[in-house]
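> Next come the chains, spelled out residue by residue.
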Amino acid sequence: MEAVAVLTRRMLAERGRMLAIVSIGGALVVIATAALYASLGDQYATLTESLPEAVLSLFGGGDLATPAGYLESELLSFVAPGLVLGVAIAFGSGSLAGSEHAGHLALVFTAPVSRTRIALASLAATTIAVVVVTIVLWAGLMVGDPLGSLHISTGRLVAASVMLGFLGIAGGALAFGIGAATGARTAAAGATTAVLVASYLIYALTPLSESTKGLRYVSLWYPYAANHPLVDGISAAHALVLLALAVIFAGAGIAGLHRRDVEG
Amino acid sequence: MDAIRASGLTKRFGHLTAVEDLDLAVEPGEVFGFLGPNGAGKTTTIRCCLDLARPSAGTVSVLGLDSRAGALEIHRRIGYLPGELALPKDLTARELLDFVADLRPGADDSWRDELCDRFDLPLDRHIGGLSTGNTQKIGLVQAFMHRPDVVFLDEPSRGLDPLVQREFHELLAETRARSATVFLSSHTLAEVDRVADRVGILREGRLVVTDTLENLRRRARRRLEIDYDAPPAPPDALGALAGVASVETRGTTLLVSVDGPLDAVLRAALGLGTVVNVRAPEADLEDIFLDYYRGHREATR
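As given, the protein sequences belong to chains A and B, one line each in that order. The numbering of the first sequence is our numbering, which starts it at 1 and goes up by one. The numbering of the second sequence is our numbering, which starts it at 1 and goes up by one.
Simulated from the structure, these hints should not be mistaken for laboratory data. Keep in mind that a hint or two might mislead.
[What the hints assert, rightly or not] Facing chain B, from chain A, some residues (calculated, C-beta under 7 angstroms): (1) G103; (2) H104; (3) A111; (4) V113; (5) G183; (6) A184; (7) V197; (8) A198; (9) A255.
[Said to hold, decoys possible] A few chain B positions that, by computed beta-carbon distances, are all more than 10 angstroms from chain A: (10) S7; (11) G29; (12) R47; (13) A53; (14) D90; (15) D102; (16) D108; (17) E114; (18) C116; (19) L130; (20) E167; (21) E174; (22) P261; (23) V275; (24) E282.
All C-beta atoms, glycine included, are put in the ideal place defined by N, C-alpha and C.
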């Protein structure tokens with residue numbers, strides 16, 4: 001596994017600057033958003049009373065008048081997931097398929113390292129990147145909570161961050177899976193983004209009509225969004241579903257990588 | 001055991017056949033030059049040897065191991081310089097070599113240092129700021145630094161100045177001397193002439209000839225120019241001789257292209273008039289290859 005460690009380090013370093021920028025920028029967004037609750041809180045409650053159901057649904061559909069509801073709608077519905085998934089997709093599609101297409105893996109694919117190990121290194125780099133950005137965002141929450149007088153417990157903030165992390169891992173694994181199986185980096189990033197956006201919209205909008213309500217469970221977004229960690233804590237079942245999806249995507253990607261020609 | 005053996009190797013990409021029914025055997029300790037026009041299938045053949053590409057039909061083995069089943073062990077014992085070397089720009093040469101060495105444990109650091117010295121490699125500048133030639137040097141060092149048993153080089157001289165090329169040729173000689181094998185794909189005919197023991201010429205995916213350069217020269221098309229004191233008799237009989245590719249009369253000169261033995265041709269030419277002069281230039285290497293490249297000759301295998 002020495003080779004996996006060497007490759008993982010390399011894959012992380014290649015995209016390290018992007019990871020740092022998104023993490024720190026994201027943390028600032030989190031801090032600012034959380035801090036705003038102190039001044040916006042009451043007005044927010046009045047505003048949301050007048051919003052149509054569809055819009056509320058897009059924002060996660062929780063009780064928006066409370067601190068937890070505020071954070072959930074303002075950050076956890078798509079801003080924070082967007083940041084985490086952005087990193088996940090960049091690493092998932094870039095560390096293998098992207099590097100391969102750039103010709104950077106020619107010497108790796110002809111080294112005495114199996115394709116499985118190369119794939120595992122990419123998955124490890126993606127997972128580590130997701131963990132890093134998630135931790136930095138959580139740090140932002142920890143700073144922003146007292147600034148905004150939200151008074152949400154540390155345990156709940158951790159729970160919310162952990163769920164973000166699992167979502168990132170699932171999304172990163174999907175980007176990895178498509179990239180590894182096809183070698184097409186742009187397609188992997190684009191397709192994953194499209195799937196996640198569609199999943200988000202399906203999750204948000206299908207409950208609005210009786211006839212489409214059931215479709216909600218089919219959405220990939222469901223395991224992430226269906227529980228409310230800021231209110232109920234972490235849901236192990238939902239986290240495990242996301243993890244299981246990640247394993248399936250990763251496995252499919254590794255199998256595809258073994259079957260195809262690679263560039264070099 | 002052959003160092004490299006291809007049997008019926010075929011590689012298709014959709015409707016395009018890049019390599020067709022290739023049979024090749026490269027012996028240990030040989031420097032084998034692989035030549036052919038662009039798109040002939042040279043790089044594809046190398047990629048099949050290294051399990052980067054999978055054959056559509058046929059087999060390839062390196063050091064007696066199947067290219068697919070034995071890929072890991074093969075990779076342990078080979079060195080590779082890709083045709084279009086693309087190294088990460090954010091690394092220095094030293095960092096890149098460290099990275100490769102980490103993937104290939106057990107290599108001799110002092111040998112690697114010696115190679116860097118011989119090639120005058122700028123070790124601590126970022127690859128992004130290096131010229132093609134310097135980047136190519138990094139490629140050469142990483143291909144040889146772990147003393148592989150077989151080295152696959154795809155267009156190795158790209159961007160190298162003559163001094164570096166000479167150093168490279170010495171390295172090839174040393175590699176051969178320790179009974180390691182070099183499989184070299186090249187466009188530079190003069191280089192192949194200097195370093196290769198045998199040559200294989202690939203054209204449109206098919207191997208058209210494999211032989212030593214000496215034999216190729218001996219069998220090469222010769223262009224005879226025979227001057228007479230007067231316009232010679234019509235050379236119909238001469239044109240009908242075996243091995244005569246073309247005959248042309250220009251004033252008092254007869255131009256004959258001959259593949260193979262000259263004896264019968266010269267005897268026939270003597271009968272066409274009084275010969276004043278004969279010119280038979282040594283077969284030009286470039287002409288030899290170009291004839292094969294253009295498909296004017298198909299040799300028996």
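> Does A198 (chain A) hold up as a contact with chain B if the rule is Cβ-Cβ below 7 angstroms?
violated (31 angstroms)
> Identify whether the interface hint at A255 (chain A) stands, where standing means a beta carbon of chain B within less than 7 angstroms of its own.
violated (15 angstroms)
> Closest CB-CB distance from D108 (chain B) to chain A, is it above 10 angstroms?
D108 (chain B) clear of chain A: closest Cβ-Cβ about 16 angstroms, beyond 10 angstroms.
> Check the non-interface label on E174 (chain B): least C-beta distance to chain A beyond 10 angstroms or not.
holds (22 angstroms)
> Is V275 (chain B) truly not at the interface, in the sense that its beta carbon sits beyond 10 angstroms from all beta carbons of chain A?
holds (59 angstroms)
> Over 10 angstroms from every CB of chain A: does A53 (chain B) meet that, or does the non-interface label fail?
violated (4 angstroms)
> Beyond 10 angstroms on every Cβ pair: is that true for C116 (chain B) relative to chain A?
The claim holds: C116 (chain B) sits with its nearest Cβ about 17 angstroms from chain A, beyond 10 angstroms.
> May I ask you to check that L130 (chain B) keeps its beta-carbon over 10 angstroms from the closest beta-carbon of chain A?
L130 (chain B) clear of chain A: closest Cβ-Cβ about 15 angstroms, beyond 10 angstroms.
> So P261 (chain B) supposedly isn't at the interface. Is its beta-carbon more than 10 angstroms from every beta-carbon in chain A?
The claim stands: P261 (chain B) keeps its Cβ more than 10 angstroms from every Cβ of chain A (closest is about 46 angstroms).
> Holds or violated: is the Cβ of D102 (chain B) farther than 10 angstroms from all Cβ atoms of chain A?
violated (4 angstroms)
> Is the claim that E114 (chain B) lies outside the interface with chain A correct, judged by CB distances over 10 angstroms?
Holds, since 20 angstroms exceeds 10 angstroms.
> Please settle this one: G29 (chain B) was flagged as non-interface, so is its CB more than 10 angstroms from every CB on chain A?
Fine: 22 angstroms to the nearest Cβ keeps G29 (chain B) off the interface.
Hint check: violations occur at hints 5, 6, 7, 8, 9, 12, 13, 14 and 15; the rest are consistent with the structure.
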